[in-house]
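Just so you know, the protein sequences line up as chains G and C, in that order.
Residues in the first sequence are numbered consecutively from 1, following our numbering.
Residues in the second sequence are numbered consecutively from 1, following our numbering.
Wrong hints could be hidden among the right ones.
With a Cα cut of at most 25 Å, we get these calculated DMTMM-like pairs of lysine to aspartate or glutamate [what the hints assert, rightly or not]: (1) 365(G) to 33(C); (2) 371(C) to 8(G); (3) 427(G) to 33(C); (4) 371(C) to 10(G); (5) 237(C) to 25(G); (6) 311(C) to 10(G).
On the chain G side, residues computed to face chain C include the following (Cβ under 10 Å) [said to hold, decoys possible]: (7) 20; (8) 163; (9) 247; (10) 324; (11) 333; (12) 342; (13) 349; (14) 373; (15) 409.
Here are a few chain G residues that sit away from chain C, every Cβ distance over 12 Å (derived from the structure) [what the hints assert, rightly or not]: (16) 100; (17) 150; (18) 230; (19) 322; (20) 414.
To be clear, the hints were calculated from the coordinates, so they are not data collected in a lab.
Using N, Cα and C, we set each Cβ at its ideal position, and we do this for glycine too.
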Amino acid sequence: MRYLPKSDSERRQMLDTIGAASLEDLVSHLPPETMLHRPLAIAPGKSEYDIVDHFRAAGNRNASAYSSFLGAGVYAHYRPVLVDVVVSRGEFLTSYTPYQAEIAQGTLTTIFEFQTMICQLTGMDVANASMYDGSTAVPEAAMMALRITGRNRVLISRAVHPEYRAVLECYARNQQMPVEEFSYDSGTGASDLDDLEKKLNSDTAAVIVQNPNFFGNLENIKAAGEMAHKQGALLVVVFTEAVSLGLLEPPREADIVCGELQSFAISPSFGGPYAGIIAAREKYLRQMPGRLVGQTKDSNGNRAFCLTLSTREQHIRREKATSNICTNQALIALMATVFMTVYGKEGLRELAMQNLAKSHYLSSKLKPKFTGPFFNEFVVATGKRTPAEVNDALLARNIIGGLDLNRFYPELAGHVLLCATEMTRRKDMDVLAEVLSA
Amino acid sequence: MIKKVRSHINRDEGLLFERSSPGKRAYQLPELDVPLVDAAAALGKENVREQIEHFPEVSEVEAIRHFTRLSTHNYAIDLGLYPLGSCTMKYNPRINEQVARTEGLAWAHPYQPEPLAQGCLEVLQSLESALLEITGMDAVTLQPSAGAHGEWTGIMLVRALLTSRGNPRKRILVPDSAHGTNPATAAMAGYGVEGIASNERGMIDLAALERAANDEIAALMVTNPSTLGIFEENIVKATEIMHSRGGMVYMDGANMNALVGVTRPGDFGIDVMHLNLHKTFSTPHGGGGPGAGPVAVKKIFEPFLPVPRLKRIGEALAFDYDRPQSIGKVRAYYGNFGVLVRALAYIMAHGGPGLRNATLDAILNANYIRKQLQPYFDMPYTSPSMHECVFSDDRQAKLGVRTGDIAKRLIDYGFHPYTVSFPLIVHGALMIEPTETESKDELDLFVDALISIAKEVETDPEMVRKAPHLTRTSRVDEVTAARKPVLRWVAADER
Numbered sequence: 001m002r003y004l005p006k007s008d009s010e011r012r013q014m015l016d017t018i019g020a021a022s023l024e025d026l027v028s029h030l031p032p033e034t035m036l037h038r039p040l041a042i043a044p045g046k047s048e049y050d051i052v053d054h055f056r057a058a059g060n061r062n063a064s065a066y067s068s069f070l071g072a073g074v075y076a077h078y079r080p081v082l083v084d085v086v087v088s089r090g091e092f093l094t095s096y097t098p099y100q101a102e103i104a105q106g107t108l109t110t111i112f113e114f115q116t117m118i119c120q121l122t123g124m125d126v127a128n129a130s131m132y133d134g135s136t137a138v139p140e141a142a143m144m145a146l147r148i149t150g151r152n153r154v155l156i157s158r159a160v161h162p163e164y165r166a167v168l169e170c171y172a173r174n175q176q177m178p179v180e181e182f183s184y185d186s187g188t189g190a191s192d193l194d195d196l197e198k199k200l201n202s203d204t205a206a207v208i209v210q211n212p213n214f215f216g217n218l219e220n221i222k223a224a225g226e227m228a229h230k231q232g233a234l235l236v237v238v239f240t241e242a243v244s245l246g247l248l249e250p251p252r253e254a255d256i257v258c259g260e261l262q263s264f265a266i267s268p269s270f271g272g273p274y275a276g277i278i279a280a281r282e283k284y285l286r287q288m289p290g291r292l293v294g295q296t297k298d299s300n301g302n303r304a305f306c307l308t309l310s311t312r313e314q315h316i317r318r319e320k321a322t323s324n325i326c327t328n329q330a331l332i333a334l335m336a337t338v339f340m341t342v343y344g345k346e347g348l349r350e351l352a353m354q355n356l357a358k359s360h361y362l363s364s365k366l367k368p369k370f371t372g373p374f375f376n377e378f379v380v381a382t383g384k385r386t387p388a389e390v391n392d393a394l395l396a397r398n399i400i401g402g403l404d405l406n407r408f409y410p411e412l413a414g415h416v417l418l419c420a421t422e423m424t425r426r427k428d429m430d431v432l433a434e435v436l437s438a
Numbered sequence: 001m002i003k004k005v006r007s008h009i010n011r012d013e014g015l016l017f018e019r020s021s022p023g024k025r026a027y028q029l030p031e032l033d034v035p036l037v038d039a040a041a042a043l044g045k046e047n048v049r050e051q052i053e054h055f056p057e058v059s060e061v062e063a064i065r066h067f068t069r070l071s072t073h074n075y076a077i078d079l080g081l082y083p084l085g086s087c088t089m090k091y092n093p094r095i096n097e098q099v100a101r102t103e104g105l106a107w108a109h110p111y112q113p114e115p116l117a118q119g120c121l122e123v124l125q126s127l128e129s130a131l132l133e134i135t136g137m138d139a140v141t142l143q144p145s146a147g148a149h150g151e152w153t154g155i156m157l158v159r160a161l162l163t164s165r166g167n168p169r170k171r172i173l174v175p176d177s178a179h180g181t182n183p184a185t186a187a188m189a190g191y192g193v194e195g196i197a198s199n200e201r202g203m204i205d206l207a208a209l210e211r212a213a214n215d216e217i218a219a220l221m222v223t224n225p226s227t228l229g230i231f232e233e234n235i236v237k238a239t240e241i242m243h244s245r246g247g248m249v250y251m252d253g254a255n256m257n258a259l260v261g262v263t264r265p266g267d268f269g270i271d272v273m274h275l276n277l278h279k280t281f282s283t284p285h286g287g288g289g290p291g292a293g294p295v296a297v298k299k300i301f302e303p304f305l306p307v308p309r310l311k312r313i314g315e316a317l318a319f320d321y322d323r324p325q326s327i328g329k330v331r332a333y334y335g336n337f338g339v340l341v342r343a344l345a346y347i348m349a350h351g352g353p354g355l356r357n358a359t360l361d362a363i364l365n366a367n368y369i370r371k372q373l374q375p376y377f378d379m380p381y382t383s384p385s386m387h388e389c390v391f392s393d394d395r396q397a398k399l400g401v402r403t404g405d406i407a408k409r410l411i412d413y414g415f416h417p418y419t420v421s422f423p424l425i426v427h428g429a430l431m432i433e434p435t436e437t438e439s440k441d442e443l444d445l446f447v448d449a450l451i452s453i454a455k456e457v458e459t460d461p462e463m464v465r466k467a468p469h470l471t472r473t474s475r476v477d478e479v480t481a482a483r484k485p486v487l488r489w490v491a492a493d494e495r
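Next comes chain C alone, as it looks inside the complex (with noise of 0.2 Å):
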């Protein structure tokens, strides 16, 4: 029984465009208090368009409706939960975007002197102390803008440090259970990829690494938990392999929202690794970012990190671009400081033994779920979960009904899916992660949900498989979608 939600009147919207008149207006500038200027005579009358062809015109009213009424249409962490495995769905604390807006930073130019920014500095030198301390890491660049930007910044690190010690080498190992940013970021750092298997309870199998270890081999890229969720239980023993092969070990900090305050990436040999803060660290996803991937290394690897890094000049705080054996620039300034500023005062708001009271119970959610869904749906790993359990779709399969149609279900139920098919070493995967941040009422409700599915799926595959049939939109084309592309709004006068 569907227990969360009912239906109500729900607003229809065209597109922009599709408002738009001339000389309608939502804006008005304040008088210029300078000469006007001839665009033509000033610029070259080559150098000035006539219009703006097709961009809108509508009034303010019409614009604020029109994004209201589309966000109607989106399903929200404020709407409950969103229980997508390995993306860390918590709640977004509205605090942190009051302080982000706090003028004396959002208004701060990267180029204003440093003595005027030492606010600014400030909230650099608070989240990166924070953060070595989280970790157990040596020191930490804050500027790449979101995890896979930070994979590719670690691993050039690495490449930098291997340089120097006389050769990059060739290929970076990454498990079969990884994410597809990990190959994509070894590619675009100029290393092939090696897959490597996992073992039969789904953790790093040594006697492969053992194997595929030799000195071709730059780094192992590891996430732990891994995508199963599970504690790579060989981990030190697995670093130590890699080190005794003069190679490095990466971790995708993807899943940190498990082992904050409990154990740290620092302490079990790891080298090199990136933090989500729009994952753990609670910065909203925004619909698909902002983010920021900040990535701690060992002490070796300080000399490499990108410019410019912190220092201290007497009490006030300064950028040092003098760092001869840096990678360079990741990207322009300093990184996404309005995110930095968001995660600071997440860690602020739950302190040292609050963040570990809420990995505790993001592990405590996860276990609640996995124990009450484990007799309806199959689990091919078994090892106790973390911060997420990922079951199969084998029971449903045999009934034609697959994962991707379990989570359509799901969303006539008031929930969003959990993560469909990933990661790929689980046939048909269900990976849910409830985070912390859900009451033991929604987990109940979702919990009911499933296996209320699970029954359907039994009694009624056919309905299951065309869900959803209580959304505003039912399901959506998306073969046609890549077949012919429509990527923008063309006018009938263009068409």
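Next comes chain G alone, as it looks inside the complex (with noise of 0.2 Å):
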């Protein structure tokens, strides 16, 4: 077999090193009661080619030739031909977790780069090495909210991604962190504050909103930041659509910052892998769950970077770690890391330019629900209509429209989701608006 590098007669020479006879003999310790006496029922192995060509006929199952305008946490943008020329080298592929520094220092540096983009990014202090996904990030910066402040009770926006609001509900219920939901206006699709503030009080340690939030609206960070720390409570501000990033400015009034960044360069994938952050205030670093880089010396007094604050993490702290979570997603962070680079501090700004461009050509032929800023996404009504018949006319046509809204939200049925990127071309937007208006 093509990964097994051992001819027949290395193994003899192995075992009678070792003194056994056959290659049985090493589990024939085993009790019997344990054994499996029979082949395994899966097929025997494939070529290269019959692998290939089993993804490329699945792949042709799916959709292919498809514009699409579904947006809502995954976004289509373009990848740099860079990303995967630098993830591709068996250097970075195929490395552990950076623990030996000595031989770690390209993974090392990277996620130094790596934090360190993510704090000018976000304008937080500190950011950690990456975290599974946004939607587990979440939870993680709420538990951390809780340990800081001695608090349990959590205030989460209902403008926040349905599927991070449930994990966050998952992680919440053995935690004893009660979760409560304040609402969105229905005028503006931002966060409802008045809501927000008759719920506030002083057992609450977090406030979730997400900015833009998942109708796509801007919410008024400066605003819920004043509230939450008002009541003693901190402000956590999540994020889907990293691109915002380069144009929005950054939630300065956050105190944890978290978020998902599949816009820089990561494949949509059918739902991951994906790579999440958590972004803080300086005092707030001892709390921070995952792996982090630091900036030291070497014997010989040359500039070196090493994992560190690992007394946080659960190989040593074991059940009083403040997360359990120790693979996270470095590859993936550098495919990140590589985009920013790329784009660097102009590139980001003008493709987040493009994005708000051609998300409102479309909504200009378009009347959307929300009157609030919206950035790339934004909530339209589909008329007399429902959205699956609406999504039909569209699928004739080779166009996958926008994410029915009745699926977690009913009080917004009738109504889609649509974004608009960088890669968006303007005669699908105009047979949308076309197939829309009909």
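Both chains are given apart, each in its own frame, so use the hints to dock them into the complex.
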């Protein structure tokens, strides 16, 4: 077999060294009642050619050659060629977590750069090496707020991604962490801060809002922060569309920022792998979950980097750790690092400007449901027809329409969430507008 | 004598921010086919940032050289043996990378209509079937993002089942040889942790288990083979004891590479377990992720599995969210799909018989190393080794050289160190897992290196203590890094 680099005569020599008669001998000490006495019912090994063919066929059974207006937390952005060139280097791809700093400076340096760029983008002081994804970063941020404030109640806006809220609820169940939602304004599409103010009290550890929110609309971070802080709660700001950070004022009033970097050259890949982040104010550093890379020196006095502050982590603190996370999303974070490097200061802004231009071209032909400002997504009503009927009409023209919001917001039945990025073509937007207005 | 490596020119590389100069670019966007929008007018002036302060500005050439130079500062499986115990650093087949980038799969949006996502759903279905056959379990969720995430999902399932039976119970039993994630996971799922000692042979102590397993214990978390690389000979009895007290048995599947095709957890009494696809099933570690940690369960747990589940409607596959007893969502969407594709490609490449051969070769390699190193290093637990072997530094420590020093010296010989000082029940542990994807030549070089170091410890312990000597970065001061944390680059005008 091509992944097993030994000849039978080498195996024989090795068995002789060990003093074993056969390979079977090596497992003959297992209790007989535990042994599997038949071959696994999995087809015999296949060639590279067969495997490529198998997955190509699977890909072809999916949508191909469709234009899409789906966003809702997963965005179609161009992936610069350099990204795959870098992450395909075996030295990055096939290395372990960089515990042995002397032979892992490549990974460690790129993580240090990643942490720096995440701080620059979010306006925070410290960022970790990554979380599994945006959705799991939310409960980790909430649990962090609980540890910091010594309180236990969490308030989350209903305009936060519905799947992120579901994940928070799942984590909260056994953490003695009551989670309550506050509503959004049915006119502007932004979180209803009056409702927030009513629900905030001295038990509230964290107020969680998303910006831009699930509907694509901008939140008043400043006002939410003032409200939270007045009650001694922390403000946690979530983002799902990282490209927006190229243009939007960073959430400086936040205490913790968490989010999803999928937009930074990470393929949609049917939902993962992506990379989440947690960034925070420096004073909360000791309560951060996950791995951190710090700068130091080697014994010759050269600058060097290493994993640090591991006394927060599970392999040292065991049940008292800030989280059980260990393996995170290092290679995906590297994709994002290369993406941020390629676009850089001017490029990320220009990219965000293109997204803004595309979505506003599309919205100019339709009537957005909400009046608040939005970045590259917005909600529209499908009128006399259901979203399913409209989307079927679009599919006939090789277009995947927007997300039917009834799935997550029954009160928004008859509405879809549309997204336009730099990859969205004008002619497809014209077709979409034509079908929607028909 | 050092046989595997010699020194060569190695380039220094600063940080991106230090290469930055205003106006340098590595990008060009396509011409905009719609009118530009005034950001301040569209978003409100207060919502628009002036700039991203100190964000890098470099050219394409500098960008590729930066990352390529940095890559050469890493060790990797592609360069040689990576003998980290319990990490299963096996070869990562490149075909897996290629198929994960198949356009129709890589660009599939998680919300695209199910009739237009049948290819993805079939990948999920095929992988589920293969993992059930391999584990002998009844149902599996592919959603957890990594091993620790799988553990937490699994313990949540235990809690959900016991709660439905009237009492979630209070504590989880964790052996003293367990990985640190096990107790951390129990705490995150709202359980207390109770340690349980191993017996003198490094196995579960059945008498201790009999005493500990009362009606407050929700589950026993075991790793089999244990972190000593030893198959738990009493595993069937241990599961019987737990079940007779109404408790469950969770298996950490970190060491599944020793079992595939030889024995199945479902057949020896395990109720819930996770797999690490980035260990056993060859998906790359990527310097620390992404992984995937599917959780396989017995039938009684199926109603509680995370949503959505796959179901068949006629010929087509669909997602089923109507699962009233489900623990809910452990993450957004359906899991690390791209990692799942890679694992399935690996399983297809080996096939059923091939997977068993891989397991036997992994055990062969570990025993080959063990046999040859035993004259030079102490081995406190001498039960037969499966896929890894664990030595102690006791003999070398008497000369003032610890396992961490030996590990650093191994770097000079051209190898990544083994797992250092774990499991905790072995004093000064050297935990070695070669995996099946190492040639005899590479193993011989590794054995030579450790024997040579053992001799150096006797002749020149001080030299070993200061290793590595041949790396471009010498021993790194981790104490200062923790004492005065510098976690990001700061521009001169911010300091």
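So, going through the hints one by one against the coordinates:
In summary, the hint linking residue 365(G) to residue 33(C) is supported, as the alpha carbons are separated by about 15 Å, within the 25 Å threshold. Proximity of residue 371(C) to residue 8(G) is assessed by CA-CA distance (about 19 Å); at most 25 Å being required, the pair is judged to hold. Annotation: proposed proximity of residue 427(G) to residue 33(C) holds, straight-line Cα distance about 9 Å (limit 25 Å). Annotation: proposed proximity of residue 371(C) to residue 10(G) holds, straight-line Cα distance about 16 Å (limit 25 Å).
Distance hint between residue 237(C) and residue 25(G) is fulfilled; the C-alpha atoms sit about 24 Å from each other, no more than 25 Å. A threshold of 25 Å between alpha carbons decides the hint, and for residue 311(C) with residue 10(G) the separation of about 47 Å lies outside it, so the pair is violated. Interface hint status for residue 20(G): upheld, as the beta-carbon distance to the closest one in chain C is roughly 7 Å, under 10 Å. Given hint, residue 163(G) at the interface with chain C, holds; its Cβ is 4 Å from that chain's nearest Cβ, closer than 10 Å.
Given hint, residue 247(G) at the interface with chain C, holds; its Cβ is 6 Å from that chain's nearest Cβ, closer than 10 Å. For residue 324(G), the suggested interface contact is upheld, since its CB lies about 4 Å from the closest CB of chain C, less than 10 Å. Hint on residue 333(G) holds. Least Cβ distance to chain C is approximately 8 Å, under the 10 Å limit. At a threshold of 10 Å, the smallest CB-CB gap from residue 342(G) to chain C is about 5 Å, leaving the interface hint in force.
The restraint placing residue 349(G) at the interface with chain C holds, with a minimum CB-CB distance near 7 Å, inside the 10 Å limit. Contact between residue 373(G) and chain C, as hinted, is supported at the beta carbon level, the nearest pair being about 5 Å apart and thus within 10 Å. For residue 409(G), the interface hint is violated, since its Cβ never comes within 10 Å of a Cβ in chain C; the closest pair sits about 14 Å apart. With 12 Å as the threshold on Cβ separation, the claim that residue 100(G) sits away from chain C is violated: the shortest Cβ distance comes to roughly 6 Å.
Look at residue 150(G): its CB is around 17 Å from the nearest CB on chain C, clear of 12 Å, so calling it non-interface holds up. Every C-beta of chain C lies more than 12 Å from that of residue 230(G), the closest at about 20 Å, which supports listing it as non-interface. At roughly 9 Å, the least C-beta separation between residue 322(G) and chain C is not larger than 12 Å, which violates its mark as non-interface. With a least beta-carbon separation of about 18 Å from chain C, residue 414(G) lies farther than 12 Å from that chain, consistent with its non-interface assignment.
This entry does not satisfy hints 6, 15, 16, 19, going by the numbered hints stated previously.
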